[in-house]
Amino acid sequence: MADSIADALLAKLQWAVLEALDDGRWRMHGAAPVWLSARTSELAPDDLPPFLESFLAEAREHWSTGRSEPLRSLMWREVTSDGREWPLQASALVLGGHPRSERRDESAAERRAARRGERGDERGGECDSERHGERHGERQDDPVDELPGERRFVFVEWLDERYAELRAILQRARATTLEFESLHREILKKEVLLHCIVHDLKSPLAGIVGTLSLLKDGENDPARSRLLELALESSRKQEVMIRQVLDVFASELESIQSFTDDPKAAPDLVECVRSVLQVYAPVFQRRSVALVCRAIAARREPLPVVGRADRLERVLANLLENALRYSSSGDAVELEFEDLADYVELRVDDRGPGVPEAIRATLFRKFVQSGPSRGVAGLGLFYCETTVEQWGGAIAYQPRSPRGSSFRLRLAKPARA
Amino acid sequence: MSPMRAKVCMLGTFAVGKTSLVQRFVKSLFSERYQTTIGVQIDKKELVLDGRALTIMLWDLYGEDEFQKLNESFLRGAHGCLFVADGTRAATLAATLELAQRFEAVVGGVPRLLLINKRDLGEQWELGDDELAKLAASGWDVLLTSAKTGANVEAAFERLGRAILARA
Chain D
1 MADSIADALL AKLQWAVLEA LDDGRWRMHG AAPVWLSART SELAPDDLPP FLESFLAEAR
61 EHWSTGRSEP LRSLMWREVT SDGREWPLQA SALVLGGHPR SERRDESAAE RRAARRGERG
121 DERGGECDSE RHGERHGERQ DDPVDELPGE RRFVFVEWLD ERYAELRAIL QRARATTLEF
181 ESLHREILKK EVLLHCIVHD LKSPLAGIVG TLSLLKDGEN DPARSRLLEL ALESSRKQEV
241 MIRQVLDVFA SELESIQSFT DDPKAAPDLV ECVRSVLQVY APVFQRRSVA LVCRAIAARR
301 EPLPVVGRAD RLERVLANLL ENALRYSSSG DAVELEFEDL ADYVELRVDD RGPGVPEAIR
361 ATLFRKFVQS GPSRGVAGLG LFYCETTVEQ WGGAIAYQPR SPRGSSFRLR LAKPARA
Chain C
1 MSPMRAKVCM LGTFAVGKTS LVQRFVKSLF SERYQTTIGV QIDKKELVLD GRALTIMLWD
61 LYGEDEFQKL NESFLRGAHG CLFVADGTRA ATLAATLELA QRFEAVVGGV PRLLLINKRD
121 LGEQWELGDD ELAKLAASGW DVLLTSAKTG ANVEAAFERL GRAILARA
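Protein sequence lines, in the order shown, are assigned to chains D and C. Under the numbering used here, the first residue of the first sequence carries the number 1, and numbering increases by one thereafter. Under the numbering used here, the first residue of the second sequence carries the number 1, and numbering increases by one thereafter.
It should be emphasised that the hints constitute simulated quantities derived from the structure, not laboratory data. None of these values were measured; they are calculated from a predicted model. Some hints here could point you the wrong way.
What the hints assert, rightly or not - If the Cβ cut is set under 7 angstroms, some of the chain C residues that face chain D in the computed set are:
hint, residue
1, Phe14
2, Ala15
3, Val26
4, Phe30
5, Thr36
6, Ile38
7, Gly39
8, Val40
9, Leu135
10, Ser138
All C-beta atoms, glycine included, are put in the ideal place defined by N, C-alpha and C.
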């Protein structure tokens with residue numbers, strides 16, 4: 001009767017109970033659960049699913065070291081032929097005998113006899129309630145002492161809802177961690193973008209300040225109206241830029257990551273360079289640094305390249321600012337280009353101290369500065385590289401001999417229509 | 001002659017794409033939906049490599065994190081291992097390399113490969129060529145994979161399978 005109830009329970013719970021046999025095989029108690037296709041009740045380890053086979057070996061190893069505390073497996077899943085998944089977990093247990101190692105040398109009968117003897121001596125006899133209490137106490141203390149010999153079992157539980165609950169909790173926790181990581185990266189990108197924008201907002205200001213300073217220095221200069229025009233143009237550029245920041249901040253990242261290869265939309269490099277030179281010429285003049293660009297000045301035809309005019313101007317401005325920052329009065333910064341088959345190479349050369357060898361490998365990473373910070377964020381070259389690479393171009397640094405830096409910008413030409 | 005049976009572990013931190021790589025390799029399937037693995041999922045794939053049969057038992061172990069720590073006893077008996085990191089999350093590489101050290105302490109020097117997964121997410125890629133060169137210089141056989149497109153997935157399992165057969 002008891003066996004049939006136990007069997008019915010095992011079948012209902014879809015548990016498997018496997019008992020270790022001395023010959024290395026395993027005896028299945030009760031009917032095999034649905035998830036385990038077993039033809040006989042005595043099974044060799046390799047008749048069992050791989051994970052269970054592995055756990056059974058681990059259980060035998062656990063027992064062979066004399067340990068009797070339960071051993072629990074990882075959770076795993078078996079899939080039946082109907083596609084149903086069965087989440088499972090196994091436990092290895094020792095029943096009967098003397099599972100506690102400190103009692104290994106003492107038989108259960110001897111212990112019971114000893115206890116009865118002690119109590120008999122003290123109390124002079126036993127009443128029914130005492131006997132009941134003793135049996136009750138034995139069950140509480142050592143419920144398996146009554147089983148003949150030591151037997152080793154592996155129980156495999158079907159976890160069902162418990163697995164689903166645990167999975168839902170872990171899924172949620174990990175998804176939250178992933179969302180956090182993703183937001184963190186996004187915030188970092190936005191921060192970089194914000195620095196770039198502030199950097200950009202500063203650039204026309206340099207032109208305005210430079211131009212107005214020259215105006216102040218030479219009130220009767222015949223070039224005054226031209227300088228005023230330049231200052232006004234820089235001011236307008238800055239106004240437009242601030243408006244654009246407000247309009248496009250949300251989509252800025254996306255626009256950095258996209259480019260067009262359409263020849264009709266390709267910006268003219270010559271025009272971009274001239275536009276930037278117009279802004280920066282007064283600043284260079286004020287610092288007494290010559291700005292040499294013979295090839296650009298001589299160029300009559302447009303030179304379309306892949307990219308976007310406003311961002312290309314920003315890249316050029318960053319490179320010119322960099323060159324100026326490390327130039328001394330009397331130095332020259334050269335801006336030249338070479339028109340090659342599939343691309344255009346633009347060079348910005350200066351005679352400054354050059355980039356220290358130690359930071360050359362990381363020069364284009366964000367927040368890297370080659371000299372004293374002088375109020376810059378170390379994002380200019382990072383922005384240049386990120387931008388031109390999005391257009392299929394490249395930027396590289398080369399030291400000049402005997403001193404100076406050469407930044408080479410390679411810009412792809414648009415595909416011919 | 002019956003084919004050699006090899007236990008191959010998939011190891012890496014969570015959400016790097018271990019299960020997706022296995023699903024791509026075993027069932028040619030891919031799902032965008034992230035489904036965390038609890039415990040272990042074992043899949044089987046039979047291969048014939050250079051005329052030799054090999055049955056790979058793929059142990060897709062849960063990704064380790066603060067919620068689930070790896071139980072190293074389940075690594076024992078492994079014939080090889082595919083370590084997986086996520087190229088769009090650079091921090092997963094360090095965690096995977098740390099797992100590799102623990103794996104080696106338990107299993108010893110069996111064939112292994114490092115897969116940098118999610119190569120299809122180029123715009124989010126965080127690992128530079130210099131980092132990959134450093135890995136190669138330190139003795140790692142590295143493959144950039146995509147469970148989504150299938151890029152290098154079969155090649156990775158086959159390369160590991162060949163190394164296991166060569167050692168057998």
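Hint by hint, here is what the structure shows:
no.	hint	result
1	Phe14	holds, 5 angstroms
2	Ala15	holds, 6 angstroms
3	Val26	violated, 12 angstroms
4	Phe30	violated, 18 angstroms
5	Thr36	holds, 5 angstroms
6	Ile38	holds, 5 angstroms
7	Gly39	holds, 3 angstroms
8	Val40	holds, 5 angstroms
9	Leu135	violated, 17 angstroms
10	Ser138	violated, 18 angstroms
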